[in-house]
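Kindly generate the complete structure, drawing on both the sequences and the hints.
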Amino acid sequence: MIEVKGLWHIYEGGKEALRGIDFDMGNEIVALVGPNGSGKTTLAKHLNGLLKPTKGEVIVDGLNTKEHSVAELSRIVGYVFQNPEHMFFAESVFGEVAFGPRNLGLSGEEVEERVRWALEKVNLEGYENRTPYSLSGGEKQRLAIACVLSMKPKYLVLDEPTTGLDEKSAESVRDIIRSLHREGHGILLITHEMDLVLELARRVVLLHGGKKIFDGPVDEFFSLELRDYGLDRPELLRISFSIGTGFVRTVEEFVGRLAR
Amino acid sequence: MMYNFYVERDSVLHSLDPRVKLAGSASAVIILLLFNSPEVLIPLFFLTILLVYTLGKITPREQYRVLKPLFPILIITIVVWAFVYDPWYRGALIGVAYGLRLLTFGLIAFSLLMTTTQRELILGFIKLKMPYEYGLTMTIALRYIPTLYMLALNIMDAQKARGWEMEKGNILVRMRKMSAVLVPLLIASIKTAHELSIALESRAFGARKERTFLYTIEMKGRDYAALLMTGVILGIALYMRYGLGFGHIKLY
Ligand SMILES: Nc1ncnc2c1ncn2[C@@H]1O[C@H](COP(=O)(O)OP(=O)(O)OP(=O)(O)O)[C@@H](O)[C@H]1O
Ligand SMILES: [Mg+2]
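Taken in order, these protein sequences are the chains called A and B. Residue 10 is where the first sequence starts when you use my numbering, and the numbers rise one by one after that. Residue 5 is where the second sequence starts when you use my numbering, and the numbers rise one by one after that.
Everything labelled a hint here was simulated from the structure, so no lab data went into it. Wrong hints could be hidden among the right ones.
Distance condition first, Cα-Cα at most 30 Å in a straight line; then the derived DSS-like pairs of lysine-lysine [stated by the list, open to error]: (1) B:181 / A:163; (2) A:64 / A:14; (3) B:72 / A:64; (4) A:75 / B:181; (5) B:172 / A:163.
Beyond 10 Å from chain B on every Cβ pair, some chain A residues (computed) [claimed, not checked]: (6) 66; (7) 94; (8) 116; (9) 133; (10) 138; (11) 148; (12) 173; (13) 175; (14) 222; (15) 224; (16) 245.
All of these numbers come straight from a predicted model, not from anything done at the bench. Ideal Cβ placement from N, Cα and C applies to all residues, glycine included.
Right, dumping it as structure tokens:
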């Protein structure tokens with residue numbers, strides 16, 4: 010359980026990026042949305058202790074982030090940064106994925122086992138000896154997920170995991186997210202893509218100007234006046250709402266309703 | 005976030021011709037190099053703060069912000085001088101003076117950048133017959149320091165999230181650990197530089213030797229007056245130092 014209580018964050022220079030956020034999450038997929046600069050990244054960086062609260066507190070599985078280092082918290086909360094290239098430095102995919110487990114002080118065998126496991130999870134088996142920078146965009150994103158997954162965190166924060174990927178790569182990232190969720194991981198999905206929200210999340214949290222404006226089920230979220238927050242409904246929902254078939258999550262569901 | 009040092013203000017320094025400001029900065033640097041006694045260098049530092057405030061409308065707080073990264077050097081200078089000089093308190097005073105001289109250099113450079121737009125600065129260099137590419141290279145380099153700094157912080161955060169800790173281990177271990185930050189930083193900077201070169205070339209950079217300008221600069225009456233004043237002050241400083249032997253101490 011991640012618990013965020015009355016969280017304020019004021020950056021050096023006086024910018025109030027978060028203004029009193031209350032938020033809990035367990036083993037679910039939560040979409041964190043909001044316009045640029047609304048505080049999504051700032052909130053997410055509190056969950057593994059990269060940022061410490063100016064006021065309020067963040068408790069991760071009973072640990073107060075103020076009292077624990079990022080290295081300790083990284084075993085519980087994994088954070089996949091937006092640009093995968095910002096973390097690649099090893100010569101091989103293997104070395105890259107092994108970096109996290111090695112930092113945890115695991116034995117050589119355990120590290121190897123975890124790397125194999127993580128690469129399998131993201132469908133990158135056989136890539137061990139490739140150079141990270143030589144991978145395609147979609148493969149880089151999956152490698153980034155593997156790098157964090159190999160530390161076996163219970164919760165995962167994914168910052169815009171499908172931005173800039175083609176449909177096939179995006180679909181494989183979505184599959185990974187679904188399968189991780191099935192296995193009991195809690196996933197915080199930061200995104201601007203409403204299609205992704207519709208397809209993956211049961212619950213949506215909307216930030217605006219550092220405040221939580223909405224927190225609830227996805228169907229309720231899409232009945233909000235989203236344009237007020239610089240967001241919009243996915244095409245599918247616009248069509249479905251306007252012909253009166255109501256809330257649907259996928260094209261199949263929509264077609265099913267039409268047929269009825 | 006600070007991407008550019010320039011701050012928009014309505015001040016004397018902002019309105020002066022960049023060539024005059026370049027000449028003024030150069031004179032200020034010469035004056036600082038003329039003297040070495042703490043009794044002159046320390047007041048000169050505070051005088052510079054005052055002048056940058058009154059002439060450039062850059063508040064002492066803003067000046068403090070840009071100078072802050074240089075403070076470690078100031079402290080090291082003080083400590084080293086206190087160690088090597090006898091008596092130590094005189095050494096510490098000299099250290100303060102030399103450290104502050106360094107800060108004054110920084111202040112002069114930053115106040116030039118904070119009161120002059122990149123465009124004006126390049127124009128100033130070109131009118132002084134410096135090749136256009138040099139001016140551009142220099143301003144681009146300055147422009148990217150804050151960007152790279154933000155990038156480095158972001159990369160460090162990404163690695164910390166993978167259990168990376170810089171603070172642990174002896175100096176050798178730490179240096180090896182730094183590669184986890186330096187490699188992505190280097191690659192990202194090379195990419196940025198490459199993209200920038202494409203952007204420049206796609207706008208026909210270097211298509212003709214002599215470039216023309218949409219906006220240009222011209223020396224006005226007040227610019228000549230300021231230049232004259234700079235010259236007079238430099239002259240006075242030179243006379244004080246060499247004519248009167250003022251402000252120079254023998255250290256050993
Ligand atoms: N290091 C920093 N120092 C000062 N202000 C910052 C810093 N990082 C972010 N901010 C400011 O805090 C606010 C929230 O930023 P944040 O990055 O959390 O937004 P975001 O919702 O993630 O936006 P985006 O959708 O663009 O990623 C913004 O106004 C931003 O300018
Ligand atoms: Mg963000």
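Status of the hints after comparison with the structure:
1. For a cut-off of 30 Å, the pair hint linking residue 181 (chain B) to residue 163 (chain A) stands: about 26 Å separates their Cα positions.
2. For the proposed pair residue 64 (chain A) and residue 14 (chain A), the alpha carbon gap of about 9 Å is at most 30 Å, so the pair holds.
3. Among the hinted pairs, residue 72 (chain B) with residue 64 (chain A) is consistent with the structure: their alpha-carbon atoms are about 26 Å apart, no more than 30 Å.
4. Under the criterion of a C-alpha separation no larger than 30 Å, the hint pairing residue 75 (chain A) with residue 181 (chain B) is consistent with the structure, at around 25 Å.
5. About 25 Å separates the Cα atoms of residue 172 (chain B) and residue 163 (chain A), which keeps this hinted pair within 30 Å; it holds.
6. For residue 66 (chain A), the shortest C-beta to C-beta distance to chain B comes to about 20 Å, beyond the 10 Å cut-off, and the non-interface label holds.
7. With a closest Cβ-Cβ approach of about 6 Å to chain B, residue 94 (chain A) is found to fall inside the 10 Å limit, against its non-interface label.
8. Against chain B, the non-interface label of residue 116 (chain A) holds: every CB pair exceeds 10 Å, the least being about 15 Å.
9. In this structure residue 133 (chain A) is separated from chain B by more than 10 Å, as the shortest Cβ-Cβ distance comes to about 17 Å.
10. Here residue 138 (chain A) stays apart from chain B, with its beta-carbon at least about 18 Å from theirs, past the 10 Å limit.
11. Against chain B, the non-interface label of residue 148 (chain A) holds: every CB pair exceeds 10 Å, the least being about 17 Å.
12. At the 10 Å boundary, the C-beta of residue 173 (chain A) stays outside the reach of chain B, the nearest C-beta of that chain being 15 Å off.
13. Against the 10 Å criterion, residue 175 (chain A) stays outside the reach of chain B, whose nearest CB is about 21 Å from its own CB.
14. Consistency note on residue 222 (chain A): stated as away from chain B, and its beta-carbon is indeed over 10 Å from all of that chain's, at 25 Å minimum.
15. At roughly 25 Å from the closest C-beta of chain B, the C-beta of residue 224 (chain A) stays outside 10 Å, upholding its exclusion from the interface.
16. The Cβ of residue 245 (chain A) sits about 34 Å from the closest Cβ of chain B, beyond the 10 Å cut-off, so the non-interface label holds.
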